[in-house]
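Number of protein chains: 4
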Amino acid sequence: MAASTPLKVVVFLGTVKENRLGLRVARFVMAQLEKTGHDATLFDPADKKLPLLEKAAFFYREGEEKPAVLAEMEQQVRAADAYIVVSGEYNHSIPPALANMMDYFGGSCYAYKPSGIVCYSPGIYGGMRAAMQLRCFLGELGCLSVSNIFGIPRVHQALGEDGSPIDSHMESGAEKLIKDLDWHAHAMRNHRQTAGKPT
Amino acid sequence: MAASTPLKVVVFLGTVKENRLGLRVARFVMAQLEKTGHDATLFDPADKKLPLLEKAAFFYREGEEKPAVLAEMEQQVRAADAYIVVSGEYNHSIPPALANMMDYFGGSCYAYKPSGIVCYSPGIYGGMRAAMQLRCFLGELGCLSVSNIFGIPRVHQALGEDGSPIDSHMESGAEKLIKDLDWHAHAMRNHRQTAGKPT
Amino acid sequence: MAASTPLKVVVFLGTVKENRLGLRVARFVMAQLEKTGHDATLFDPADKKLPLLEKAAFFYREGEEKPAVLAEMEQQVRAADAYIVVSGEYNHSIPPALANMMDYFGGSCYAYKPSGIVCYSPGIYGGMRAAMQLRCFLGELGCLSVSNIFGIPRVHQALGEDGSPIDSHMESGAEKLIKDLDWHAHAMRNHRQTAGKPT
Amino acid sequence: MAASTPLKVVVFLGTVKENRLGLRVARFVMAQLEKTGHDATLFDPADKKLPLLEKAAFFYREGEEKPAVLAEMEQQVRAADAYIVVSGEYNHSIPPALANMMDYFGGSCYAYKPSGIVCYSPGIYGGMRAAMQLRCFLGELGCLSVSNIFGIPRVHQALGEDGSPIDSHMESGAEKLIKDLDWHAHAMRNHRQTAGKPT
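Residue numbers (numbering that gives the first Met the number 0), protein chains in the order written: chain A, 0 to 198; chain B, 0 to 198; chain C, 0 to 198; chain D, 0 to 198.
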């Protein structure tokens, strides 16, 4: 097979908490994506500083000024071939910082592409309960979550602060998810290029 | 039965969106609660202005200054006998403004009390998909959601801006939910007073 | 506190699989309930042999003959003060044998009583994904699931075939769930006796 | 575009209830699929008569005799390009007859293909709560559910017994779902043929 253009992946980090463990997960995911030849961009809500949603990007009318950060993010979401969400679990549910950031953009940006769920917790269940809600959320956005979910229990013992893997299962776990994501991303990118998106 | 102290109910509104439809639902719910003799308090995230959660109320250590609004809300959540959440549906999921506000407070405030779900949407499914996620969320917080869920489809046609009911099912729907909530709130308040909370 | 009548608990086992691991969990739960003074009854779908639901117990009209096993189970569900579901996880969802058995009976049997979720899996996530669906299912039946969920990962290493605990966390885990269930069961039974059920 | 081989679609009907409304939905879906050139097969649990799962198809070892109906169904599931589930809602959850039938077959049959959710109810919410659980269920099986969900409220007024549409939204609703399903089915079939499945 001829070399193909790298897949563009946007990684959404879902936390702005003090001492957030999610940052090490995002760093790890970014490193794994880069190692496997992806063109990866991290959306960190602590950098983007989007407030609780008052107005989604798709509600700005022509002539209205869209904040620059929002316009840039929207373009990046639209250009991506796939997404990864890095999600903790807040009261068994999706972290508000994650959903809030993604809610700014509409189905027309996300649709007909796949997404991957990486979830984590300091406890033993690895954030899997939030992952179940994410299946619904990502499905509605149009970026279907692939079957494999990479759950990381006791995340503080599995990854160092810089995202380096301590637990030996980290790299094989990420590899499985990325393989599943890539398969679907290529299938859908090829078909978008051949057949367009449904109208 | 002798008159009993009114039930204290905190109502959480889950949106800060421009032109939010949820405000009319919150007004309607507050009016129904007051009409039925409850001591009701509305938590509107547009007033409370809590940012995306960096530090929950229960993570402030002795000597650290807790923001006044947070300290007051915490006391009110702790003092309540029951909760109602007024929830739209964002991408089939819990509105971040709702979860974010409630995440500031811990299970020790919410537990051994019931909660009621009022959900709405401009479409035909009335926010019921978000309600399913709320069952998990509220269960983990310790305030079990009662069986009855009051879902309001086409909310803009069901309630006026001031919260006055247009649709004839509004008052009977609210009544059913409040009856279910009250039953559980009295059962649990009585038992808290008699037996305390489990330790 | 004066001695009170033991709580009647129906335990629903959710599997008829060959070599089912759930049986050891049910045995363990039954032993823990009996040790703590409950009047516990096990519903094992392999014994009850109810087929996939064609007709629920509440759809038999007067004069129609209800199968004896169904009539007896209905009476026991109605008489119970609380429920425990023992649930594996089938494709991240509620085991059909569990939902099928419970679907035979209506909200009028289950309502205004609490339920407890005990979930398990041979893997590391302990069935927690099915537990999230169970919150919705039990909520709709009217028997609110208490906050504490007792999840058992690697169940084959945690419990022996006869239900005896191998893992040292088993008894403390069961104790927490039962304490939470008992608190709510007493609160609700007292209130049913005092105030009746809402009409 | 050159004519391509028709897509093979297996339709899973999820009910064996007396007077089941699902049958008219299945008939309607089959007719819509045939009209749009699909090679559609209906799996009706009332015909297949699979009992509550004791042993999945993938647990039969070499030499063990697999029931003929199970072997045939397995082959058809494996050969399909896409799936549609026709799902009611039992206590806000997946109908056991649906999950039970699908649980017999493993991810190796379903994976790398899309699925579509058609849900219904006699009430106003159209089975959307069960649909949310189905997203998790189908995701785990490997056949990702497409974004569009076709929900049918008041199904008895929307479709006749023979599956003929009464409500004018039926055909346009089905069309949207089938378009979304087809897009993904072609994308994935093309990629399976080109790149194989991941190993």
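Since the hints were derived computationally from the structure, they do not count as laboratory data. Be aware that a few hints might be false.
Pairs count within a copy or across copies, as identical chains cannot be separated in the list.
Below, simulated DSSO-like cross-link-like pairs (lysine-lysine); rule was C-alpha separation at most 30 Å, straight line [unchecked claim]:
| # | residue 1 | residue 2 |
| --- | --- | --- |
| 1 | Lys175 | Lys54 |
| 2 | Lys7 | Lys175 |
| 3 | Lys178 | Lys65 |
| 4 | Lys34 | Lys54 |
| 5 | Lys65 | Lys34 |
| 6 | Lys54 | Lys7 |
| 7 | Lys34 | Lys47 |
| 8 | Lys34 | Lys48 |
| 9 | Lys65 | Lys47 |
Quick caveat: nothing in here was measured; it's all calculated off a predicted structure.
Hints, one by one, checked against the model:
no. : hint           : in the structure
1   : Lys175 x Lys54 : between (37 Å within a copy, 28 Å between copies)
2   : Lys7 x Lys175  : both (18 Å within a copy, 28 Å between copies)
3   : Lys178 x Lys65 : neither (36 Å within a copy, 33 Å between copies)
4   : Lys34 x Lys54  : neither (37 Å within a copy, 34 Å between copies)
5   : Lys65 x Lys34  : neither (35 Å within a copy, 43 Å between copies)
6   : Lys54 x Lys7   : within (26 Å within a copy, 33 Å between copies)
7   : Lys34 x Lys47  : within (25 Å within a copy, 44 Å between copies)
8   : Lys34 x Lys48  : within (28 Å within a copy, 41 Å between copies)
9   : Lys65 x Lys47  : both (14 Å within a copy, 25 Å between copies)
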